Amino acid sequence: MQAGFRTGSVGQKRGLWWVAAFILAGLAGAVSATNYSLWINGRNGNGTPGNHADFTYWGPSGTAAGVNKKSVNWDGFNRISNQNYRIRDALDCYCTGTNWCYIAAHSAGNLQIGYAMSLYGGTARYKKTPTANAAGTCSNSDGTTQTGWNIKWVDVAAGAGGGSELANLGSWAVSDPLTSDLKTATARAMYDHNQTRAKWFYMYAGSNGAAQSGLMPGQDDQAVAYHSAGGVSGSGGAAYCNPSDWFCNDLTLGTAANEGGKAKWSYHNVKFRDDNESLNHYTNGNWGGVVSKVRADMAANAN
Amino acid sequence: MSRGTALLAGGCVLAVLLLAWGLAEQDPVTESGASPSGSARAATSGAATGAQAAVAAGVPGTGPGAPYSAEGAQSRQAQLTLWQGRYERAEQIYSSYRDATRYPHESRPISEHPDQVRPFAPVQEETPMRKANGEPAKGVRLRTSQERVFVTGAETVRFTVQAVDAGGKVLPLVVTRASAQSVAETTVLSPIIQSAVNFRDDGSGADTQSGDGIYSAQLQPAQQGFAAFAGTIRMLAQVSAGGEQGVAHFDVVYTPAVPATWAGTRDALEAGSLNFYLKANVLQAGRYVVSARVDDANGTPFALLQFNDEVAAGQREFKLTLFGALVRDKNPAFPLRLRDVEGFLLLADKFPDRAMMARQVGDVHRSARYAVDSFSPNEWSSEERERYLAEYGKDAQTALEQVNRLQGR
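Chains A and B supply the protein sequences, listed in that same order.
Residues 0 to 302 (numbering that gives the first Met the number 0) are what the first sequence spells out, left to right.
Residues 0 to 408 (numbering that gives the first Met the number 0) are what the second sequence spells out, left to right.
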């Protein structure tokens with residue numbers, strides 16, 4: 000750098016620096032990057048499908064649950080496949096272009112996000128302007144596409160990605176098409192659960208399941224057993240427990256294979272195991288059960 | 000160029016020129032700040048360990064900004080703990096993504112897909128036997144298997160059921176009645192289709208061994224009244240074991256039309272990777288999802304290849320790529336064997352959501368012999384990967400800066 004250049008008027012240059020910053024800030028505003036927190040409900044969704052502001056399923060909407068939170072309501076009644084467009088629409092809205100998403104899913108919402116990412120995660124997606132209409136869809140921003148969505152990570156409470164023995168046994172109402180998808184054999188065959196395109200699924204597993212303990216293998220939260228909530232690969236039916244149970248293989252924390260050697264699905268990490276058997280499956284309309292742990296993580300880290 | 004576009008472009012040029020000037024005049028401290036992606040690389044490569052150690056070692060309230068009130072120090076400590084956690088997660092996400100995407104998502108070490116190694120193995124489960132009222136029958140468990148979940152066209156499905164006690168000892172079992180019936184989707188009015196199914200343990204039909212306590216049955220939907228049906232077929236077998244009555248319960252998802260048929264395979268070394276071309280006569284255009292396994296010459300499972308793309312009707316080839324760097328890294332013995340190919344037409348927003356192609360079981364194709372050094376060692380490069388590395392790197396860098404700030408560095 001020439002000495003003469005450095006000796007120019009500092010005040011003049013400082014003024015121009017801020018002009019440049021101002022111009023760039025203005026330009027950046029046109030393509031501003033925003034993070035969103037998407038919440039995907041499970042069975043018996045009682046929010047209004049397409050209304051991303053309706054947190055009825057979860058609890059009071061004023062509760063902190065991650066930056067710019069949106070409720071990806073689907074009906075929680077019909078098949079994963081014919082409701083999955085609700086999830087893909089929301090991902091298109093908030094997780095394309097310069098915008099990025101944190102995802103939280105509960106129960107069958109685990110199947111919804113897993114299905115979307117495994118089967119559609121590498122497809123061309125139109126970049127959207129993140130303002131949803133009543134149907135939960137957004138308009139294209141610039142007409143261009145990108146491969147897949149912009150997802151930072153996924154938190155899963157009481158995940159039913161591996162199905163539930165309650166569905167196997169017909170313990171839930173059989174008039175519900177979703178129950179057929181929740182059979183363990185069907186849920187596990189639905190898509191390659193390892194194919195997350197290297198995005199992490201953080202699994203939170205509850206074990207306050209005394210009422211259903213005779214119906215499900217190992218520890219459970221009254222609706223799903225640890226083999227599912229912990230993202231254990233392979234067939235359903237395997238029993239996994241807390242370390243305090245000497246007669247049952249441990250569900251391990253983290254990504255390591257479980258006691259007995261069975262691996263977790265790839266990019267699945269058990270963040271929370273309910274060693275105190277204190278959390279059940281249900282939100283109770285107040286971000287309750289295992290969801291409380293995911294909510295806390297989203298509030299703290301989805302920023 | 001529109002006036003708006005011209006103004007935008009002009010603004011960009013002006014801003015970049017001004018910024019370049021400004022940056023050139025910054026003092027050395029400011030100049031040390033790297034770009035988000037560049038600094039993330041520094042944070043997550045060799046320097047990462049040191050950075051993490053520094054992050055862990057910090058004590059709030061003792062930096063240049065100290066002292067703080069007790070309350071202030073406590074708040075600062077909480078903030079530090081929060082940002083340390085964020086940094087740890089962000090750093091792990093960045094480095095695992097960077098390492099994983101050395102290969103494309105469709106060409107993976109099969110060790111990452113532990114339940115995809117033997118895709119055609121029957122689905123086996125063991126559950127407590129259920130009585131008619133839903134209660135578990137004490138001391139009796141049912142071991143069941145089903146050959147497949149998704150069924151198309153003239154395919155058959157084999158089911159087995161066996162009773163065991165809590166210790167795994169086989170119990171005498173009687174299948175008193177079994178039938179398959181269509182499950183109505185509540186949104187669709189349709190007649191119920193029902194067909195009796197014969198479970199047997201006499202070594203005939205679907206049963207492989209007489210008197211072993213494993214009862215077997217076979218369902219062929221197209222021949223048993225379901226030829227025009229698409230949806231769930233539920234098989235219920237009433238069983239008796241250990242003095243208790245119970246039910247074995249199986250579901251399959253059936254579609255009558257086969258969307259495409261296989262027509263051979265070839266391979267070619269192209270651009271440093273090995274491409275397997277699976278030929279097919281595509282009857283129904285749409286998005287096809289195909290997967291295949293690659294074993295080395297010794298039969299050791301090595302890679303999982305996947306295809307997911309739109310395909311037009313007609314004579315087509317599904318290209319499954321074995322990525323060059325994966326071959327270089329794993330150094331498999333040639334020739335490679337492509338085996339166990341499964342594929343389906345993905346039907347968006349419908350149930351059933353897929354129409355299966357026929358399974359190709361076992362070895363489907365043996366590759367030519369290629370020298371390992373004929374494969375490219377280059378890691379995968381794509382817009383998707385760069386986008387993710389930039390964002391994940393930015394997150395790691397932001398968190399690190401916050402940790403440093405809170406530590407007074």
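Don't read these hints as lab results, they were simulated from the structure.
Computed from a prediction, not measured in an experiment: that's the story for all the values here.
Do not take every clue at face value.
[Unchecked claim] What follows is a list of derived Cβ distance ranges for each label pair:
#, chain 1, residue 1, chain 2, residue 2, range
1, A, THR143, B, ASP328, 32 to 38 Å
2, B, GLU87, A, SER31, 23 to 29 Å
3, A, GLN145, B, LYS329, 28 to 34 Å
Beta carbons: idealized from backbone N, C-alpha and C, even for Gly.
Taking the earlier hints as the rules, which of them does this structure contradict? none
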